[in-house]
Amino acid sequence: MTDPLALLRRAYGDLAGLLAGLPEHDAWTPSGCSGWTLLDLTQHLVYDAQRGLVALSTPEPGPPDTDAVGYWRAWQPAPGDDGVWRTLVVASAAEGFADLVGTYTATTRAVLVAADRVDPTDLVGTQGHVLTVADLLSSLTVETAVHHLDAVHRLDREGPASGPLAEVRRVLEGLHGGPLPTDWDDVTAALRATGRAPLTAGDRAALGPAAERLPLFG
Numbered sequence: 213m214t215d216p217l218a219l220l221r222r223a224y225g226d227l228a229g230l231l232a233g234l235p236e237h238d239a240w241t242p243s244g245c246s247g248w249t250l251l252d253l254t255q256h257l258v259y260d261a262q263r264g265l266v267a268l269s270t271p272e273p274g275p276p277d278t279d280a281v282g283y284w285r286a287w288q289p290a291p292g293d294d295g296v297w298r299t300l301v302v303a304s305a306a307e308g309f310a311d312l313v314g315t316y317t318a319t320t321r322a323v324l325v326a327a328d329r330v331d332p333t334d335l336v337g338t339q340g341h342v343l344t345v346a347d348l349l350s351s352l353t354v355e356t357a358v359h360h361l362d363a364v365h366r367l368d369r370e371g372p373a374s375g376p377l378a379e380v381r382r383v384l385e386g387l388h389g390g391p392l393p394t395d396w397d398d399v400t401a402a403l404r405a406t407g408r409a410p411l412t413a414g415d416r417a418a419l420g421p422a423a424e425r426l427p428l429f430g
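If you count the sequence shown from 1, you need to add 212 to reach my numbering.
Derived from the structure by calculation, the hints contain no laboratory data.
Virtual Cβ for every residue (Gly too), placed ideally from N, Cα, C.
Hints are not guaranteed to be accurate.
With beta-carbon atoms standing in for the labels, derived distance ranges [stated by the list, open to error]: (1) Ala-218 to Glu-385: 12 to 22 Å; (2) Arg-329 to Pro-393: 38 to 48 Å; (3) Asp-395 to Pro-421: 17 to 27 Å; (4) Val-325 to Thr-400: 30 to 40 Å; (5) Ala-318 to Glu-370: 19 to 29 Å; (6) Gly-389 to Gly-430: 29 to 39 Å; (7) Pro-273 to Gly-407: 28 to 38 Å; (8) Gly-225 to Glu-272: 26 to 36 Å; (9) Asp-215 to Gly-314: 19 to 29 Å; (10) Gly-430 to Ala-310: 43 to 53 Å; (11) Pro-332 to Trp-240: 32 to 42 Å.
All chains should be modelled from the sequences, with the hints used to inform the complete structure.
Written out as C-alpha cells, the structure is:
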C-alpha cells in the first residue's frame with residue numbers, strides 16, 4: 213500500500229476542493245448513490261469523516277479483527293436501512309450546502325492532523341472492529357474516492373486522483389480474491405465492482421461465476 217496518510221490527504225483534499233467550488237444549486241443534483249442528492253451525499257461524507265476522527269482517538273489493545281480489505285466484507289447496507297434514512301433527514305435540515313461543505317472540510321483536516329500524530333501500526337476501533345491506523349486510513353480513502361465518483365456522476369468535474377483510485381482497486385481485488393478484468397481501468401473497476409454501473413455481457417463472460425458475487429460492497 214502507498215503511504216496511507218498521503219493517499220487520504222489527496223483524497224480528502226480533492227473532494228473537499230470539488231465540493232467547495234460548487235454553486236449552491238448543485239446541492240440538489242442527483243449523485244451516484246441511488247436516491248441521494250449531492251447534499252445528502254455530503255452529509256454522509258461528514259459522518260464518515262467523523263468516524264475517522266473518533267476512531268483515531270479510540271485506541272484498542274488488540275488483537276486486530278479486520279484489515280483494509282476485510283473491513284468491507286460485511287458492508288452491504290440495505291437501501292432503506294436506518295442509516296440511509298437518517299442521512300436524508302439530517303441533510304434536509306442542514307443550514308445550507310456551503311455550511312455542510314465547510315463542516316466536511318474542517319472535519320477532514322482534523323482527521324489528517326490526528327492521523328499524523330499516531331503510528332500507522334497503532335490499533336484503533338471503528339464500527340465494532342479493531343484494525344491498524346493504516347487500515348483505517350485505507351477505509352477512509354476508499355470511501356472518499358468512491359463517493360468522489362458519486363459526486364461527479366452528473367457533473368462535468370474532475371474525479372478522484374489515480375492514487376486513491378488504485379487503492380480502491382486494490383481493496384476490490386482483495387474482496388474479489390483475484391484481479392478484476394484487465395480491460396477495466398480503475399474508474400470502471402470502482403463503478404462496476406460496487407454496483408454503480410452495470411456489468412456488460414463481456415464482463416460476465418470474463419468474470420464467469422464470480423460475476424454473481426458483485427457488487428463487492430455497496
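Hint-by-hint comparison with the structure:
1. Ala-218 to Glu-385: 12 to 22 Å: Check passed, 21 Å falls within 12 to 22 Å.
2. Arg-329 to Pro-393: 38 to 48 Å: Once the Cβ atoms are compared, 40 Å apart, the range 38 to 48 Å for Pro-393 and Arg-329 holds.
3. Asp-395 to Pro-421: 17 to 27 Å: Holds - the Cβ-Cβ distance for Asp-395 and Pro-421, about 19 Å, lies within 17 to 27 Å.
4. Val-325 to Thr-400: 30 to 40 Å: holds, 34 Å
5. Ala-318 to Glu-370: 19 to 29 Å: With a Cβ separation near 22 Å, Ala-318 and Glu-370 satisfy 19 to 29 Å, so the hint holds.
6. Gly-389 to Gly-430: 29 to 39 Å: Violated, at about 19 Å.
7. Pro-273 to Gly-407: 28 to 38 Å: holds, 36 Å
8. Gly-225 to Glu-272: 26 to 36 Å: holds, 28 Å
9. Asp-215 to Gly-314: 19 to 29 Å: Since Asp-215 and Gly-314 have Cβ atoms about 27 Å apart, the given range 19 to 29 Å holds.
10. Gly-430 to Ala-310: 43 to 53 Å: This hint is violated: roughly 29 Å between Cβ atoms.
11. Pro-332 to Trp-240: 32 to 42 Å: holds, 39 Å
Violated hints for the displayed structure, listed by number in ascending order: 6 and 10.
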